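S.K.: Just need the whole structure built from these sequences, with the hints factored in.
Residue numbers (the working numbering), protein chains in the order written: chain A, 0 to 234; chain B, 383 to 673; chain C, 35 to 190.
Since the hints were made in silico from the structure, they are not lab data.
Just so we're clear, the structure is a prediction, and the values are computed from it rather than from any experiment.
Keep in mind that a hint or two might mislead.
[Said to hold, decoys possible] List of simulated lysine-lysine pairs, DSS-like, C-alpha gap at most 27 Å:
| # | chain 1 | residue 1 | chain 2 | residue 2 |
| --- | --- | --- | --- | --- |
| 1 | A | Lys118 | A | Lys50 |
| 2 | C | Lys37 | B | Lys422 |
| 3 | B | Lys442 | B | Lys516 |
| 4 | A | Lys118 | B | Lys422 |
| 5 | B | Lys422 | A | Lys48 |
| 6 | A | Lys50 | B | Lys442 |
| 7 | C | Lys175 | C | Lys187 |
| 8 | A | Lys118 | A | Lys48 |
| 9 | A | Lys50 | B | Lys516 |
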Amino acid sequence: MNFEQRCVIPVAPGELWRFLMDVPQMATCVPGVENVTADGNDQYRGALKVKLGPISITLNGMMTIQERDEGNWRAVGRAEGNDRRIGGGARVTATMSLVENAPNQTEMLVQAEVRFLGKLGEFGEPLIRKQADATVAAFARNVAARFETPAVVPSPGGEQPAPAITPTAPPEQAGVRGYPWIGASLGLLLAIVALAVFPMPAWISSASWTDAAFAAVLTAAGALAERGLRPPASR
Amino acid sequence: MNPFTYTEPATIDEAIATLSRYGEEAKLIAGGTGLINLMKQRLVNPGYLVGLRRLSELTKISFDRGLRIGALCTHRTLETSALVREHAPLLAEAARQVATIRIRTMATIGGAVAHADPNQDLPPALIALDARVKLRSPRGEREVPIDSFFTGYYETLIQPDEIVTELAIASAPPASGHAFLKFLPQTADDYATVGVAAMVTIDRGRIADVRVALGAAASTPLRATVVESALRGQEPTARRLAEAAALVADIVDPIADFRGSAEYKRDMAVVFVRRALAQAVTRAQAGGRGV
Amino acid sequence: MRKIQLRVNGETIAREVPDQRLLVDFLRYDLGLTGTKEGCSVGVCGACTVLLDGQPVSSCLALVAMAEGCEVTTIEGLAQGDRLHPLQQAFIEYGGFQCGICTPGQIMASKALLDANPHPTRDQIREWMMGNLCRCTGYYKIIESIQAAAEGKTGS
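M.R.: Have a look at this one:
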């Protein structure tokens with residue numbers, strides 16, 4: 000599936016180029032993108048949430064800038080992501096080109112080729128086209144908005160912003176939320192160290208259950224601390 | 383399916399309260415034929431399913447200067463109901479052609495409208511009938527014309543804490559005729575390659591009113607206003623009908639799938655709009671709503 | 035988990051089940067009534083057809099919780115002791131099955147037809163039974179069996 004979007008942004012190409020090459024910054028202009036982190040080597044990890052009526056898809060994956068041609072202000076990026084839960088994924092190759100068409104005015108052209116795989120490939124391609132079109136258009140608009148003046152975006156059919164990504168309240172799940180196990184492990188480690196180094200006061204019986212209880216208390220305290228408190232700045 | 387909690391509220395207000403309480407985590411389930419399939423594929427994973435079985439007040443059909451159909455009426459009820467067959471035969475005919483008998487005994491009209499799959503049969507029929515959707519939420523009741531109800535694939539104007547309660551259909555004037563054509567080149571139980579619902583009213587030899595709607599022709603059910611404008615006030619000659627039907631090619635935006643390419647669906651939309659108009663006109667000229 | 039109570043083939047059944055238990059799985063695994071088959075799991079093939087308050091449904095798409103307080107009839111509920119239901123007898127005499135996997139669904143669907151319309155035309159039979167798929171017979175014998183049962187032309 001191919002997409003193409005153009006827009007005019009009131010800023011010089013050089014400045015726009017610098018912004019676009021800053022991947023974490025640029026990614027925030029894509030509606031539904033979350034948690035972009037650098038992986039080294041021009042690679043970045045992140046997630047893209049897409050909502051289609053009652054269906055919510057989270058594509059987890061990576062993106063990278065494959066080609067950079069600063070002289071011609073042309074770059075090629077690749078991204079791929081999977082939603083394990085539904086067994087589907089997407090692969091995107093996008094080319095961004097900038098052309099200065101007036102002083103402090105740049106036309107940005109985004110051409111993207113998207114392939115859907117697995118379950119998404121079964122129903123995704125035709126059905127997500129409008130969604131994807133809207134996303135690319137919103138990306139262009141968001142980039143323009145960064146430069147604080149509305150861009151002139153010729154919209155194909157209806158000035159519809161990309162569907163808002165409704166942040167779903169995380170369902171109540173059994174199991175660990177956040178990383179209290181880090182705190183718990185630290186607590187346990189502290190307990191072991193403390194027990195090894197410091198003798199128990201005589202008035203506490205030396206039965207092993209007190210050692211275990213002491214360890215348990217510190218472990219729990221560690222878990223609670225991790226969850227509830229910030230680590231002290233000095234650490 | 384992912385695990386969930388199933389509750390069956392005893393009243394509409396209880397159902398709405400449950401929706402409000404759990405927000406996006408809760409989904410209503412009526413017949414379940416659409417939703418359970420989505421859940422089996424893990425495309426939809428609600429933590430709470432709110433079963434509507436006990437809301438018997440939503441299973442009623444009545445006629446009082448217009449047809450009022452409870453949202454929990456099943457397709458099977460619509461196809462067999464004497465009131466529906468008399469006052470909205472287009473709807474009975476559309477309901478009869480949906481899927482298989484097993485789906486029709488469970489799937490409801492409210493569920494069909496809320497599910498908003500553009501390939502469905504009831505939505506275009508309801509658009510051709512100028513139906514109004516009644517909804518209830520903690521903010522009270524509201525009524526929405528079905529024309530504006532569908533906003534995207536699986537998307538409608540329904541709020542997360544809202545429930546469809548009723549479909550209201552005004553009586554067609556005398557000398558009205560209907561047609562519902564479902565093009566099924568593959569299997570009889572499938573969604574349409576293109577579906578057309580049409581209502582025509584004739585007055586003194588001219589088309590006084592016409593409504594045409596298509597299913598499986600875009601990412602929502604589609605009202606063909608361009609066809610309607612070309613026909614209002616005109617004599618329903620075969621040439622006029624064909625010319626008007628040809629206009630539909632410019633407004634459809636079919637999704638290519640195993641039921642047909644976009645081009646094929648576009649071509650068939652023209653053919654079936656023409657045939658549906660001819661059938662509706664014939665019925666109108668035969669002097670009545672006709673079954 | 036939830037406690038449910040319903041009637042299956044005339045018998046009152048009470049069980050505790052997870053909320054997401056499907057009716058087909060309840061019948062087959064919780065009750066051991068394996069006459070009902072699961073073919074496609076998406077409600078298309080009809081192998082899982084049972085009657086819910088007399089209406090044919092896809093048991094693979096129904097939660098057993100949705101059958102609370104209802105009457106479920108499966109293939110096991112048709113015979114009276116040793117006496118087969120006329121439809122069962124007809125399917126045997128007229129060759130309405132080969133491998134048999136679709137047959138319980140075919141019979142339950144046709145029972146619902148004859149309950150609603152005791153003397154269907156051939157076209158009415160075909161239209162009603164359209165949703166029950168068969169890979170073996172080519173459908174002719176199924177239609178003949180149903181017609182024979184409707185016309186009382188069976189040996190039972």
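S.K.: If you draw a straight line from the CA of B:Lys422 to the CA of A:Lys48, is it 27 Å or shorter?
M.R.: 21 Å, holds
S.K.: With a cut-off of 27 Å on the C-alpha distance, tell me whether A:Lys50 and B:Lys442 pass.
M.R.: Status violated; Cα separation ~34 Å.
S.K.: For a C-alpha distance cap of 27 Å, please report whether A:Lys118 and A:Lys48 respect it.
M.R.: 16 Å, holds
S.K.: C:Lys175 and C:Lys187 were given as a pair; does the straight-line alpha-carbon distance stay at or below 27 Å?
M.R.: OK: C:Lys175 and C:Lys187 at ~14 Å, within 27 Å.
S.K.: Next pair to validate is A:Lys118 with A:Lys50; report whether the Cα-Cα distance is within 27 Å.
M.R.: Roughly 15 Å separates the two Cα atoms, so the pair holds.
S.K.: Between the alpha carbons of C:Lys37 and B:Lys422, is the straight-line distance 27 Å or under?
M.R.: 23 Å, holds
S.K.: CA of A:Lys50 to CA of B:Lys516, is that 27 Å or under?
M.R.: Holds, at roughly 26 Å.
S.K.: Are the Cα positions of B:Lys442 and B:Lys516 separated by 27 Å at most?
M.R.: 14 Å, holds
S.K.: Given the hinted pair A:Lys118 and B:Lys422, is their Cα-Cα distance within 27 Å?
M.R.: 13 Å, holds
Comparing the model with each numbered hint stated earlier shows that hint 6 is the single one that does not hold.
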